[in-house]
Amino acid sequence: MADRITDIGPPKYDEMWPQYIKDNYGKWKYHEILEPGVLKHVTEDGFELFTVRCGGTRLMTTLHLEDICKIADQYCDGCFRFTTRNNIEFMVTDTEKLEALKKALDDNGNLPKGGTGACVTNIVHTQGWVHCHTPAIDASGPVKAVMDDLFEYWNSHKLPAQVRISLACCLNMCGAVHCSDIAILGVHRKPPVIEHSHLDKICEIPTAIASCPTAAIKPAKVDDYKSVQVNAERCMFCGNCYTMCPSMPLADAEGDGIALWVGGKVSNSRTMPMFSKLAVPYIPNEPPRWDTTVKTIRTILEAYANGANRYERMGEWINRIGWERFFEVTELEFTEHHIDDYRLAVTTWRNSTQFKF
Amino acid sequence: MPTVTYKGKTYEVDEDGFLQDPEVWDENFAHYVKDSEGISELTDEHWKVINYLQDYYKKNGIAPMVRIMTKVTGFKLKKIYELFPSGPGKGACKMAGLAKPTGCV
Ligand code: SF4
Ligand code: SF4
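Chains Z and L, in that order, give the protein sequences.
For the first sequence, position 207 (counting from the first letter as 1) is numbered 207 according to UniProt numbering, and the numbering increases by one without interruption.
For the second sequence, position 99 (counting from the first letter as 1) is numbered 99 according to UniProt numbering, and the numbering increases by one without interruption.
Okay, chain Z solo, but in the shape it has when bound (with noise of 0.2 Å):
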């Protein structure tokens, strides 16, 4: 405990702001998007501000790093910072640095411009089987293939509004999955295993049964251990006990995979925020380049693209066309899994004599 320094807290928000925007701040008037990736702000005194946003992989290298704070040093007084979707941009104050600095990122190959407007950003997502114990699915894996796909998106501003992609590779949902226009979602189609000899040594009984929402589990004495038993016609895979229990595992090659959800979005402009849907309750596991889930994707990017009025977003799209008509114009398949059976699924069914044919 010698020489422990403790609760000191990250540096003052400030601390690492360039001297100009310390010189502006609570002072800008408005602002523009002059292509994509490349922003302009502008404050009351007429003082410009032009920010380039490029992509970023989130897990990345000391070494990229290193070449962020190269290109930081060159153009931009040794700033640059990231977004909250883990993008990286870069500022600078006059035109003439602007376009240097443009040219420097293209050179440069890793670091695309993009991620402005109405495109299709950077996709939030996890830690996949790259660091995590409870995943169904990969994060960076998918996320490449996906953003590969549809880069054309990303420095372009042609979709109706701004698509945010969320990827989460178990339920517990890190990050944004519930919240986004289309979710990618790793998913279980089998219950845990359960190790009864040291189930008991290195578990609370309690909390693992406390931890299922369905009720499933409860203690049992199997050959003479203490452990417990899980009702599998009353397990839906979603891996809170293994959570709470290491010798309760469900992660299985052939059982995992992907379910696909739409429609979600956490801004208050026009509608409020949306909770996203379940569109694809299952898609295999298809590493490296997970084609199905990407070619996916882009089924439901293109229908929305063509079907939706400027600046609806998806979910907004959806709830005017209704749903019958989303599964029709994205030609998905609309099975006894999208049928909500959870405890207020009741609110989920339709009450009313209005639909489509």
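No lab work stands behind these hints: they were computed from the structure.
Be careful, since some hints might not be right.
Distance condition first, Cα-Cα at most 16 Å in a straight line; then the derived EDC-like pairs of lysine to aspartate or glutamate [claimed, not checked]:
{"no.": "1", "chain 1": "L", "residue 1": "Lys-78", "chain 2": "Z", "residue 2": "Asp-7"}
{"no.": "2", "chain 1": "Z", "residue 1": "Lys-226", "chain 2": "L", "residue 2": "Glu-23"}
{"no.": "3", "chain 1": "Z", "residue 1": "Lys-201", "chain 2": "L", "residue 2": "Asp-21"}
{"no.": "4", "chain 1": "Z", "residue 1": "Lys-226", "chain 2": "L", "residue 2": "Asp-21"}
{"no.": "5", "chain 1": "Z", "residue 1": "Lys-201", "chain 2": "L", "residue 2": "Asp-14"}
{"no.": "6", "chain 1": "Z", "residue 1": "Lys-201", "chain 2": "L", "residue 2": "Glu-23"}
{"no.": "7", "chain 1": "Z", "residue 1": "Lys-295", "chain 2": "Z", "residue 2": "Glu-333"}
{"no.": "8", "chain 1": "Z", "residue 1": "Lys-102", "chain 2": "Z", "residue 2": "Asp-73"}
{"no.": "9", "chain 1": "L", "residue 1": "Lys-59", "chain 2": "L", "residue 2": "Asp-44"}
{"no.": "10", "chain 1": "L", "residue 1": "Lys-58", "chain 2": "L", "residue 2": "Asp-44"}
{"no.": "11", "chain 1": "Z", "residue 1": "Lys-201", "chain 2": "L", "residue 2": "Asp-44"}
{"no.": "12", "chain 1": "L", "residue 1": "Lys-9", "chain 2": "L", "residue 2": "Glu-27"}
Following the hints, put chain L with the ligands in place on chain Z, whose structure we already have.
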């Protein structure tokens, strides 16, 4: 599974040094953890916490919530950290031979 040997007895532990079987616990295990936790001596206050954790675990099958632990022992969380620098989970529970805390820690 890795093992540790302390004062002639071998304990099976996981990669974080948590005992694999609570039944194997004895006072020497607490002394072994004490050394790796940078605690020079186990005082009565340490033992009060360790004994309480063991009692609660035997009775309820779970580790107590921090609020319950501070209420019953009368030690505020700050005091618990003074006794066990790694905190109630990684420090005290490990020393008391309880199962490793799980969930998104
Ligand atoms: S979503 Fe699940 S598997 Fe992925 S990082 Fe979060 S807890 Fe781990
Ligand atoms: S996987 Fe989920 S539903 Fe199934 S037993 Fe575990 S906690 Fe319950």
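Quiz item: If you draw a straight line from the CA of Lys-59 of chain L to the CA of Asp-44 of chain L, is it 16 Å or shorter?
Solution: It is violated: about 22 Å lies between the C-alpha atoms, which goes past 16 Å.
Quiz item: Taking 16 Å as the top limit, are the C-alpha atoms of Lys-226 of chain Z and Glu-23 of chain L close enough?
Solution: Answer holds: Lys-226 of chain Z to Glu-23 of chain L is near 13 Å, not above 16 Å.
Exercise. Would you mind confirming whether the straight-line C-alpha gap from Lys-9 of chain L to Glu-27 of chain L stays at or under 16 Å?
Key: This hinted pair holds, its Cα atoms lying about 11 Å apart.
Quiz item: Under the criterion that the straight-line Cα-Cα distance not exceed 16 Å, is the pair Lys-102 of chain Z, Asp-73 of chain Z satisfied?
Solution: It holds: about 14 Å lies between the C-alpha atoms, which stays within 16 Å.
Quiz item: Holds or violated: are the alpha carbons of Lys-295 of chain Z and Glu-333 of chain Z at most 16 Å from each other?
Solution: At roughly 15 Å apart (the allowed maximum being 16 Å), Glu-333 of chain Z and Lys-295 of chain Z satisfy the hint.
Self-check item: Pairwise hint evaluation, Asp-21 of chain L against Lys-226 of chain Z, where the allowed Cα distance is 16 Å at most
Solution: Holds, at about 13 Å.
Quiz item: Are the Cα positions of Lys-201 of chain Z and Asp-21 of chain L separated by 16 Å at most?
Solution: Since the Cα atoms of Lys-201 of chain Z and Asp-21 of chain L sit roughly 5 Å apart, the hinted pair holds (cutoff 16 Å).
Practice problem: For the pair supplied as a hint, Lys-201 of chain Z and Asp-44 of chain L, confirm whether the alpha-carbon distance does not exceed 16 Å. | Solution: 27 Å, violated
Quiz item: Does the alpha-carbon distance linking Lys-201 of chain Z and Glu-23 of chain L stay inside the 16 Å limit?
Solution: 8 Å, holds
Quiz item: Taking 16 Å as the top limit, are the C-alpha atoms of Lys-78 of chain L and Asp-7 of chain Z close enough?
Solution: Holds. Lys-78 of chain L to Asp-7 of chain Z sits at ~13 Å (cutoff 16 Å).
Exercise. Starting from Lys-58 of chain L, check that the Cα of Asp-44 of chain L is at most 16 Å away, please.
Key: Given that 16 Å is the threshold and the Cα spacing comes to 21 Å, the pair is violated.
Quiz item: Has the given pair, Lys-201 of chain Z with Asp-14 of chain L, been kept, meaning a C-alpha gap of at most 16 Å?
Solution: With a Cα-Cα distance of about 12 Å, the restraint between Lys-201 of chain Z and Asp-14 of chain L holds, given a limit of 16 Å.
The structure does not agree with the numbered hints 9, 10, 11 stated previously, though it agrees with the rest.
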